[in-house]
Every structure is written in C-alpha cells, then in structure tokens.
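Asks: Numbers 1 to 235, taken from the UniProt record's numbering, label the letters of the sequence shown in order.
I should point out that these hints are in silico values taken from the structure, not numbers from a laboratory. Incorrect hints may appear among the rest.
What the hints assert, rightly or not - As a list, the in silico DSS-like pairs of lysine-lysine whose alpha-carbon atoms are at most 25 Å apart: (1) Lys106 <-> Lys129; (2) Lys3 <-> Lys61; (3) Lys112 <-> Lys63; (4) Lys200 <-> Lys172; (5) Lys99 <-> Lys112; (6) Lys172 <-> Lys129; (7) Lys200 <-> Lys3; (8) Lys215 <-> Lys230; (9) Lys3 <-> Lys106; (10) Lys61 <-> Lys72; (11) Lys106 <-> Lys61; (12) Lys172 <-> Lys3; (13) Lys129 <-> Lys112; (14) Lys129 <-> Lys99; (15) Lys72 <-> Lys99; (16) Lys200 <-> Lys215; (17) Lys99 <-> Lys132; (18) Lys112 <-> Lys72; (19) Lys200 <-> Lys230; (20) Lys132 <-> Lys112; (21) Lys63 <-> Lys106; (22) Lys3 <-> Lys99.
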Amino acid sequence: MLKVENLHVSYDNIRALQGIDFHIEQGEIVTIIGANGAGKTTTLRAISQVANITQGTMTFKGKDLRSYPPEKVVSELGISHVPEGRRLFGNLTVHENLKLGAFARKDTDQVKRDIDRVFEIFPRLLERKDQKAGTMSGGEQQMLAVGRAFICGRELMILDEPSMGLSPLLMKRVFAALREINNQGTTILLVEQNARMALKFAQRAYLLEHGHVLKEGPTEEFMNDPEVQKSYLGG
C-alpha cells in the first residue's frame, strides 16, 4: 500500500531522517517507536507532504505520493493525519468539526453515513454533538480528532501520540475504537509514546534512532528483544 525508500528530510541544517526505508501493507496496523528526536513525527509529516523532503521515493497504491500537495493527499488518496495536539476548532461544535473533515468530499450521502458511524464508534461524541470542542475533556477531544480523521480519509490513518494526556481508561477506549476502525478496512500507522501499548496494538513495528531505522519486524520480536525491553519497555 505505502512504500518509502531512501527518505531524507531536513530542517535547516538538521538532518531529521537519513535514508529510511519502510512499507505498510493494506489492512495492517504498524507502529513506529523510538526516543524523542528520533524522527517519528517527521516521518508522519513526510507522508502528509508537509515536511521538507530532500531525497527519496514514496508511493501509495502505486502512485507517486510526492507529486501530491498536502490537501490532495487527503482528498484524493484518502490519507488522514491525526497530529500531536489534536488541532481541533475549539470554537466549533463536535458536529461542525466532523463536517469540516469532509470539506473536500462530494459524496454527501456517504459523508452523513460516515458521521453517523463515528457517533456509533464514539457514543460520547453523540452526547456532545452540539458542544464546542474546546470545552470538552482531553479524552473527548482525542476521540473527536480520530473521528474527524475517519471522515477525512478512510484508506490510511496516521496518528501521532494518540494516548498523550489520557487516563488509562480513556486510552483503552481510544485504542479499542481504532481497532474497530481498522477492522472496517482502514490501515493504521501509529507513533505512540507508550511503546508497550503500541507494540501490543500493532502487528509490525519499526524502531527509529537519530533518523535511521535500527530494527523492523513483527511486534512479538520487539516485545521479546532484551535491548528493546531495556530501552523502551521499562526493563
């Protein structure tokens, strides 16, 4: 589905990614783990075409991803991005935020069905339908960010730190909803501070360090790797 080869990304004089390769198959859940500054967020931004890519190839379902501007990545390719910090419209209601997620779509009837589906996946959002997003709890806002991404693009959803600031209970609810979204056909790429949770959730993983891929493979291998356990799983 997504194939990335020799990807380089720079910010001013900082080389954030230095020739990484990775791929995602349709229907998978893949996670990227690594320390702060390893290049995880930059990788997601590169897929969304909002990073300064200096070298490399990226194809999505056989199409040259680099030839698409950011808005077309969403509207034409169906790739949605849930960034760290959620970036909701706080002065708009839950329903208005969801409708804005579909601003580039023309299939009005399907949009309505997708919004109804979001309310099925996140019943709390239906209860808060007419409430302004900025007045909701962090967990509710994260649910809305995921729901809006579901409306934006159904092919591939990429998420940056979806559990940040959430209680353990709300974190489990968000991940359960993501599992349901994946079961309905959406491929997921996840960057997550809670490496143990991410590795339990995903099928495959990549370990980034200083802009390089150090390890890749099934998540079971990561969970059983002594170095991964020591550095990222708390022993």
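Asks: Could you work out which of the previously given hints the structure breaks and list their numbers from low to high?
Replies: Hints 3, 9, 12 and 22 not satisfied by this model.
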